[in-house]
Structure formats: C-alpha cells, structure tokens
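Q: Given next are the chains, with one letter for each unit.
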Amino acid sequence: MSERKHRQQTQMVPYPSKSFVPERDLGFMPVLECSHLGIEFGGLKAVDDFSVVMGKTEIGGLIGPNGAGKTTVFNLLTKVYQPTHGTMMLEGRDMGNMTTVDVSKAGIARTFQNIRLFNNMTVEENVRIGLHNQIRCGMFSGILRMPKYWKAEKEQHEKTLELLNIFDMAGMADERAGSLPYGAQRRLEIVRALATNPKLLLLDEPAAGMNPHETEELMENITKIRDQFRIAILLIEHDMSLVMGICEDICVLNFGKIIAKGTPEEIQANPAVIEAYLGKRKEAEA
Amino acid sequence: MVFLSNLVNGISLGSIYAIIALGYTMVYGIAKMLNFAHGDVIMVGAYIVFCAAQYWNLPPVLCVIAAMLVCTLLGITIEKLAYKPLRQATGLAVLITAIGMSYLLQNTALLIWGANPKVFPSLFALDTIWLFNGQLAIKPETLITIAANIVIMTALTLFIAKTKTGKAMRCVSEDRGAAELMGINVNRTISVTFAIGSALAAIAGLLLCSSYPQLMPTTGSMPGIKAFTAAVFGGIGSIPGAMLGGVLLGVIEIFGKAYISTELGDAIVFAVLIIVLLVRPTGLLGKPIREKV
Amino acid sequence: MKTKKSRMITSLVTYAVLILLFVILTVMINNKTISRTLKGQLIPICSWIVMAVSLNLVVGISGELSLGHAGFMSIGAFSGIITSGWLLNGFQMEDPALRLLIAIAAGGVIAGVAGALIGIPVLRLRGDYLAIVTLAFGEIIKNVMNCVYVSAEGRSLHWGFLNGDLPGTLLLNGPMGAVKVKTIATFTAGFILVMFSLVVVLNLVNSRSGRAIMAARDNRIAAEAMGINITKYKMMAFVTAAVMAGMAGALYGLSMATLLPTKFSFNESINVLVFVVLGGIGNIPGSVVSAAALTILPERLRFLQNYRMLAYAVLLILVMLLSNNPLLKSLWRNLFSGIRGKRKEEEMRA
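Residue numbers (the numbering used here), protein chains in the order written: chain A, -1 to 284; chain B, 455 to 747; chain C, 5 to 354.
Isolated chain A (complex conformation) (with noise of 0.2 Å):
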C-alpha cells in the first residue's frame, strides 16, 4: 500500500487492560481510557462493552460497518448521550459527572459526520467561538468596550488566522461558512474543533465527499496536527486508504461490539473483521 508513507514504524507495546498504546508514549497517561463503555436505548444495546485507552499522540481508527455505533460512541464521548454502563477517563479524570460543556473544556473537541458548522457567521467568526474557552473577555467588557475587550479580539483575530493556515483557508476568513464548498466545510470544521485546545480530536468522516486528491491532503494534515499539536486524534472513516494510511491502532465495531482490535496489518489479517465488511464465505459462495 502506497498510502502508508504518513505513517510512522510505531511499535505498539501493551498497556494494562489489554490495551495497546505507541511506544514513544508510554512515559505519559493516556489521554483516554474506556472501560466497558455502553448504552442502552429502550433495550437495544447500541453500544456495549467498550473499552479502548488511547496514548498521549495515536492516531485511533475506529471502523465498522453502517449502524455498527461508531458514531455513537463519539457521542458517548463528548456526552451528548450518557452512558449507561462503564467509565471514561480523560487523562486520569474521572468523566462521569461531565455534561458536553464539562468535555470540551476538559480536553475533547469534535467535528460532526453530518456538518454543523455556524452558517450564517463567518468562517472567522466559527473559528472564533471555538476559541469561546480559550479567550476569555466578560460580557460587561465587551459591551463598555474595555481594554480587555480590544486585547482579546486582536488576540483572536491572530490566532484565528494562525489556525486557519493549518489548511491554507486564512483567505477564506470572511466567507460565510455556509457558502463554501463542502471539502472546505470538513476542514473548517477541524480548525474550529482544534480551537478549543483539545487534548484528543474526534473526527467524524473526515474524508467524506472529498475526492482522492483531497484526502491525501488530509491525511498528510492529520498527521501535521497531531506532531505540531501533540494531540491524539481518533477518527471514523470508511475510506479505507485513509484509515490504513495513518491510523496506528485501529478498533473495528459491529452490532455495538469491538470486534477486532490491533494494527493496520493485524486487522487487514483479522477473519472476524473480513465477514463483519463481506459475509461469511459460504453465504459469498451461495
């Protein structure tokens, strides 16, 4: 596979609970653990029995077939569902008691499979509500036009433009966000999330609706980000160059259940995860 050039000769060394964390990151917490994360909607377990740790900067791929939960757990992740089973921990912090506000302050951002960008503001102006936590500056400041008021929007204007060359997208500034073109929305989405300074980024499809030329781009862009950042990014993806290409540890969910866990090369290997994508040989041969 050609795509494998963004990728690092990480060695993944084991980590307590079963779990594989890269190497260079054995000296840190891991930035996420899961232990028996699920949730139950009305009796359907959606998601079940999901334990996964992530190192201070791996890349995590979590792949699966349609309505396998992926999405799910990036929902049980940041909240927005809560979890009826299990524990997460964002670098030794208990997330128990966390509402979605509490996570994204605590250290996770994400970007959605379906876009939601703020379309009527801005490209500017989104990359700055990411920033809302970062710089500070009070309501009574900013309607009497303090000092304070001035110091943070000069702040945020120049860190705003320094987030947005990331993707080359710092022209773009005053579009609307709602006018731009699709492959742009993606990216925009992951500067307004990386805004927040998170400790792991979620990405939901990143690649979708980009064509062949645009995720190699991307995907030489997640890897900048996670060395420049020093963050860990987990991402769902069904473009599969994408996912083997820089993906370190990859996770395969199906009927809400890991299935296979391990590198690129062991999944690809992996008879569990070739009938969850294809069916059983014998019904393929039928």
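Worth flagging that the hints you see were computed from the coordinates, not collected in a lab.
From a predicted model like this one, the values you see are computed outputs, not experimental measurements.
One should not assume that every hint holds.
Said to hold, decoys possible - With a cut-off of at most 25 Å between alpha-carbon atoms, the simulated SDA-like pairs for lysine to any residue come out as follows:
# : chain 1 : residue 1 : chain 2 : residue 2
1 : A       : K149      : C       : M12
2 : C       : K267      : B       : L564
3 : B       : K486      : C       : M12
4 : C       : K236      : C       : R130
5 : C       : K8        : A       : L159
6 : A       : K103      : C       : D222
Once you've looked at the hints, dock chains B and C against the given chain A.
A: Relative to the frame of chain A, chains B and C by itself:
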C-alpha cells in the same frame, strides 16, 4: 352542593377545552406546528352559528352543519395559503405566521361583525335539570357539551385507529419523509388533519358560546390558548391526552375561580401549564422525543 | 455577508442618524415648529424603540420567540411609578431628572430580576413551548398586577394583594392602575435610553458573549460541543432584554398621567413583535425604524384605525412568506453577493 355544581361546570368547560385541544394536538402531531389561529377558527364557527340562527332562521342542526362547513373550508384555506409554503422554514417563521393568521381572523371578524358583543341564542330548547331537591341545577348545555365530548373522542379514536386515512395520519406524524416514500400523500393528509380540527373547532365554538353566551371577535383567543395548555398538559399528539388534559384544566380553572380568586383564574391555568412543562415536558400521556446527532 | 467591518459601519451610521434626528427634533421643539401630536408621541416612540430593540435581542440574536415582552414593560412601568412616587413622598426629592433616572434604573433592575426568575424555568424549553410559556408569564404578570395595591406613607411602602385598604397615598390601585402620576419623563431621557439600548445590543453582538449567543441559536449541539454553556448565554440575552424592557416601561409609565395594568396585554407583546419582524429579525437598526414608523403612522392615518391591526396581520404573514420563499431567497443572495461572487470565480479560475 356548591362543590358538585362547580365540578359539573368544570367538567363541562373542560370538555370544550378538550374538543379545541384535539385540533391543536392533531395538527401539532402531524404538521409539527402550533396553529395559533385555531382559537380564532372557533370564534368564526360561533359567528356562523349566530348568523345562521339569528338572521337566516335556520334550524339548529343546519346551523351547526353550516358552521362546520365554513370552518373546514377556512382551515384548509389557511393551511394551503399560509402554512404549506413554510414546510421547510424555521419554527420561528411558522409560529409568527400563525400568530399573524390569528390576528387576521380576529380583525376581519371585527370589521364584519363589530366589536360589540353579540348575545348568543340558546339553541337547545331543553329545560334545566334539578337534582337533590332543587339544590343542584344542571343546564342542558352542560350535559350536551359533556356528551358531545365523549362522542367526538370515541369517533376520532376509532377513525385514527381503523380507517386508511387515520393510518396515514399516524405514519405522517411518526416520520414524514418515510411516509412520503411509502406513497402516502403527505399534503393531503395534513389538509385532512386541518379539516377535521377546524370542523371540531366549529362544534367547540357552538358549545362555548352556548355556555358563555357572549360572542366577540376575541372570544376564541383565550380559550384557544388555554386549550393548547390542555393539549400540552395531556401530552401533545395524544388524543386521550387532550381529553384528560382538557377536563382536568377545566376543573382546575373553575375551582381556582371559586375558591382562590376570580381575577386570578387565568393566572392559575397558566401556572399549571408552566409547572407541567417544567416537571413533565411531554405531558401526562406524551412520549419523549430524542434529537438525532 | 456581514463582516465585522460592515457591522461597525452600520452601527456608526445608526448612531449618527439618531443623534442628528434628536438635534433636529430638539430645535423644532424649542422653535415650537413641531406638531402637537408628534410632540406628544416622542416619548412613547422612544419606549417602543427600546422595546423593539430588546425583543430583537431575544428573537433575532438569541433565536427564541418571546410572547410576553409586554409583561416586563409592565413590571418596569409600575416599579418606576412607585419608585418615583415614593421618592417624592418619603424623601421630598423634587429634582425630576434625578427621580426619573432612579425610577428608570429601578424599573430595569426589577424587570431584570423578574426576567431572571422567569428565564430559569423558561429557557430549559425550546421552540413553540418556550413561546407559549412566555405568553403565559406575560398573562400571569398582567393578572397579578391587576390585584396589587401599593401605597406610600412617609418613608414606608405598604402593599396589599387583592386588598386596597392601605394607609397613606395610594400609588398603585389594583385594577385602576396608577393614577395622578407625575409625568417627569422627557424626550432627552428617552433619547438617551434609546442610545443606551443600541450601544448595549450592538456592542454585545460584536463580542465574545454575543457570538456565543448566536452560536447557540444557529446550532445548539455544535455550540455545546465547542464548550458554550447554552443556558447561560440564552439567559444573558433574555435578562438583558428584560432589563431594557423594564427601563422602557418606566419611561413610558412616567410619561402618562394614568396607566392601567391591562394596557400591557398580549396585544402589546404582538405589536412589539410586529416591529421586530417588519424591521427584520436580527436587524437592530431595522427595529428602530419600524418601531418609530409604526408608532407615528397610525396616528397620521386615523381614518384607517380600524384597518391597522388587519394590516399588521397581513404584513406579518406576507413578510414571513416572502422571506422564506426559496426563489426570492436565492435571488436576494445573488443580488448581494453577485459582484463578489463573480470576482471570486475569476480568482478561482486563475
């Protein structure tokens, strides 16, 4: 005896609320909008009955049928002209349009019939029933209202459960997109819903003005809002909920007026609404909805 | 496309035009060249402008339909009247300007407290439910004000509920409302209040808090994922609007010799909503223009008085239908971004 008399009046008033609430609850369940003008359709219905009885000297049955016809046409027209173009618009736009529609009906009525209250004629030529040696008086309007409520509730429940149109309504209320894919004519189903709701509004108008015989252009708005309260109270989208909510609300209002304060009667009803929405936003018999992410 | 710069220019132009109008009107008042009707309307116009601007903060900026805005105006009006009467009776404060200032501040604070108390339960709800509950609160406020009696005896205030048998001079007389109010409101005060409300709303919109409020309006889930506390920012907009409505109410109340509690009915809330919708939802200068125009016009067109509400109703519906017509919407967008868009296309091709 005063207690019993209040109870009967409460159930009677509540039955009117229940019939109005049906219009709200069906439209809310199927078109997912608050038809603010529904209360004013009641008022139009009452004026039609008034005109039919007073000026054209029609027999009571024809008065009611005339009012139902006019209201049905009115309901369908309102939906086609004002709400249908806004199917894809924000909830804010739809609600503002509905408020505009409500004002339009009120002010048109004001121009046609004037601001002076009309004394509504008594259509039911029956005697008051005296119980317990003449201590408890039950007016014929009261009994007819309660009976009408029960008949309408039963008929509507059967209609929704048994007929093809009823099934289509349930489908559209559950998932409009899927219903359309299954070949259900969504626009027609919504029109039918408005038609039924408006026809019921005409009956509600007649019953309301029979019990409280003062007819003005604003007659419908307050009962309309209270009936919406009743629909929310019982659980919006639920027909038995509308009945339960309506009757409970009517009883609460009459008792509030009798035992707490006449001036605060409306305030008490609205306080009930607020408490219900805070404690149980889905109402007594409603189902919770989950937002998809 | 509203960039920051164009927003700033709009704000500055709005301020400049209003100051100019104020100077002209003041000169006309001094020359006595102003018509009596218009002069009598100046203070109410200011009140309605502030009402429209503050409701637009809730409806346009925060995206929640509030149907009980007149309730806050009512609270502000009667607290303002009571404060003014009390200051005059108990503290012999003769200076009308100072009394007006304190009364307006009191109206704002008390309405703001009411807004906070109402906002806590109300803002947990969404959409139509929120609208109907604000309507309910507005009606409750009207009903309760109908039953409240307040009197001043020296420096002590007495109050009764459903019971008007109070010592001292009655300031608030239940269903009769406030009578023999000393009308101390001035046009200058009204103008200052208008400017104040505009500065507050326009500056708020262009600040971190304002962006958070708009983010919560545009996409609730994304805003929460960005770490924005939705309730806090909805509350901020709602309470700020209540404070301004209370101030507008105090100004209005102190310009009328008598004031009935039933004045602030649901109809008034709808009137203000009409100002907001016609001026453009989210368009603050638009609210100023439409509030002023729709307060002056009906007086001019007395013969059309019967048709006024009818016209409002038709306007509400038409504005909503036209502004949500997909064809017109795209036409409108092309009209404005046509030139910019073309240039961009050329850049893209190059």
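Q: For each hint, tell me whether it holds in the structure or not.
A: Hints, verified against the model:
Under the criterion of a C-alpha separation no larger than 25 Å, the hint pairing K149 of chain A with M12 of chain C is consistent with the structure, at around 17 Å. Restraint check for K267 of chain C and L564 of chain B: the C-alpha separation of about 20 Å stays at or below 25 Å, so the hint holds. With a C-alpha separation of about 39 Å, the suggested pair K486 of chain B and M12 of chain C falls outside the 25 Å cut-off, and the hint is violated. Our distance criterion of 25 Å between C-alpha atoms is met by K236 of chain C and R130 of chain C, whose separation comes to about 15 Å.
Among the hinted pairs, K8 of chain C with L159 of chain A is consistent with the structure: their alpha-carbon atoms are about 15 Å apart, no more than 25 Å. With a C-alpha separation of about 21 Å, the suggested pair K103 of chain A and D222 of chain C falls inside the 25 Å cut-off, and the hint holds.
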